[in-house]
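*Asks:* One point on numbering: in our numbering, the residue at position 17 of the sequence shown is 17, and numbering is uninterrupted.
A hint or two may mislead.
Stated by the list, open to error - Listed next, the in silico SDA-like pairs over lysine to any residue satisfying Cα-Cα at most 25 Å (straight line): (1) Lys40 to Glu66; (2) Lys18 to Gln75; (3) Lys123 to Ile21; (4) Lys81 to Tyr126; (5) Lys81 to Cys128; (6) Lys123 to Leu68; (7) Lys18 to Lys81; (8) Lys18 to Asn3; (9) Lys18 to Ser29; (10) Lys100 to Ile21; (11) Lys35 to Lys100; (12) Lys81 to Gln132; (13) Lys81 to Ala32; (14) Lys35 to Cys130; (15) Lys123 to Lys100; (16) Lys81 to Lys36; (17) Lys18 to Gln42; (18) Lys123 to Tyr107; (19) Lys123 to Met1; (20) Lys40 to Asn10; (21) Lys18 to Lys100; (22) Lys36 to Asn65; (23) Lys40 to Lys100; (24) Lys36 to Asp24; (25) Lys123 to Thr54; (26) Lys123 to Gln42; (27) Lys123 to Leu108; (28) Lys35 to Thr54.
What the hints contain is simulated information worked out from the structure, not anything from laboratory work.
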Amino acid sequence: MLNAGSRIVNNWIYPIDKGYILIDTGYESGFAFFKKQLAKMQISPQQIRYIFLTHAHDDHAGYLNEVLSECPDLQIVMSDKALERLYRGQNSFHGGCTTKIALFFCYLMKFVGKGKHLFPSIKQEYQCRCIQITAIRLDHRLCRW
């Protein structure tokens with residue numbers, strides 16, 4: 001697995017037959033950097049076949065529209081709960097911050113003017129490229145069986 005992300009966000013690239021799976025995108029402003037990282041790895045955005053969206057937060061879906069625009073054959077694998085949030089373009093605050101570190105970053109985001117955790121809403125035209133699956137859990141915590 002390769003990482004085309006930054007110091008802030010991981011963008012894992014997983015090789016498959018005839019292309020790659022991208023696990024999450026990143027913040028809205030990160031697309032140009034992501035493309036530079038791909039170029040260093042000699043991967044074109046058009047080689048990405050799927051995005052696996054772990055959850056619909058600004059740091060995971062921020063430049064989703066840009067990737068979909070550049071990659072006409074790309075499909076998104078996501079939770080059946082994610083599409084509604086992608087249309088809203090804002091993180092859910094259900095459950096609050098799960099750790100003290102997460103709470104610290106919530107305060108830090110507010111301090112730098114990003115406290116609402118907004119991201120561009122997914123365009124309606126991309127709904128047909130969404131593969132929705134039923135998820136067990138939608139937050140950052142690990143499941144305890």
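*Asks:* Look at each hint and say if it fits the structure.
*Replies:* To see whether the hints hold, each was checked on the structure:
1. The straight-line distance between the Cα atoms of Lys40 and Glu66 is roughly 19 Å, inside the 25 Å bound, and the hint therefore holds.
2. The straight-line distance between the Cα atoms of Lys18 and Gln75 is roughly 14 Å, inside the 25 Å bound, and the hint therefore holds.
3. Between Lys123 and Ile21 the CA atoms are separated by roughly 21 Å; this keeps the pair inside 25 Å, and the hint holds.
4. Taken as a hint, the Lys81 and Tyr126 pair is honoured in the structure, with Cα atoms around 16 Å apart against an allowance of 25 Å.
5. For the hint pairing Lys81 with Cys128, the CA-to-CA distance comes to about 16 Å; that is within 25 Å, so the pair holds.
6. This hinted pair checks out: Lys123 and Leu68 have alpha carbons roughly 10 Å apart, not beyond 25 Å.
7. The hinted pair formed by Lys18 and Lys81 fails the criterion: a straight-line CA distance of about 29 Å is larger than 25 Å.
8. Distance restraint check for Lys18 and Asn3: the Cα-Cα separation of roughly 19 Å lies within the 25 Å cut-off, and the hinted pair is therefore satisfied.
9. Between the alpha carbons of Lys18 and Ser29 the distance comes to roughly 28 Å, so the proposed pair goes past 25 Å and is violated.
10. Among the hinted pairs, Lys100 with Ile21 is inconsistent with the structure: their alpha-carbon atoms are about 32 Å apart, more than 25 Å.
11. At roughly 33 Å between alpha-carbon atoms, Lys35 and Lys100 are farther apart than 25 Å, so this suggested pair is violated.
12. As the CA atoms of Lys81 and Gln132 are separated by approximately 8 Å, the hinted pair is consistent with the 25 Å bound.
13. With a C-alpha separation of about 28 Å, the suggested pair Lys81 and Ala32 falls outside the 25 Å cut-off, and the hint is violated.
14. Taking the CA atoms of Lys35 and Cys130, the gap is near 22 Å; set against the 25 Å cutoff, the hint holds.
15. Taking the CA atoms of Lys123 and Lys100, the gap is about 34 Å. The hint is violated against a cut of 25 Å.
16. For the hint linking Lys81 to Lys36, the alpha-carbon distance of about 32 Å lies beyond 25 Å, and the restraint is violated.
17. With a C-alpha separation of about 14 Å, the suggested pair Lys18 and Gln42 falls inside the 25 Å cut-off, and the hint holds.
18. For the hint linking Lys123 to Tyr107, the alpha-carbon distance of about 30 Å lies beyond 25 Å, and the restraint is violated.
19. Restraint check: the Cα-Cα separation between Lys123 and Met1 comes to about 29 Å, which exceeds 25 Å; the hinted pair is violated.
20. Between Lys40 and Asn10 the alpha-carbon distance is near 16 Å, which keeps this suggested pair within the 25 Å criterion.
21. A distance of roughly 42 Å separates the Cα atoms of Lys18 and Lys100; the hinted pair therefore is violated under the 25 Å criterion.
22. Taking the CA atoms of Lys36 and Asn65, the gap is about 18 Å. The hint holds against a cut of 25 Å.
23. Among the hinted pairs, Lys40 with Lys100 is inconsistent with the structure: their alpha-carbon atoms are about 36 Å apart, more than 25 Å.
24. Simply put, Lys36 and Asp24 have alpha-carbon atoms about 17 Å apart, close enough for the 25 Å limit, and the pair holds.
25. Under the criterion of a C-alpha separation no larger than 25 Å, the hint pairing Lys123 with Thr54 is consistent with the structure, at around 19 Å.
26. This hinted pair does not check out: Lys123 and Gln42 have alpha carbons roughly 29 Å apart, beyond 25 Å.
27. Only pairs whose Cα atoms come within 25 Å are accepted, and Lys123 paired with Leu108 is rejected, the gap being roughly 29 Å.
28. Distance check on the hinted pair: Lys35 and Thr54 sit about 20 Å apart at the alpha-carbon level, within 25 Å; holds.
When the structure is compared with the earlier hints, violations turn up for hints 7, 9, 10, 11, 13, 15, 16, 18, 19, 21, 23, 26 and 27 and for no others.
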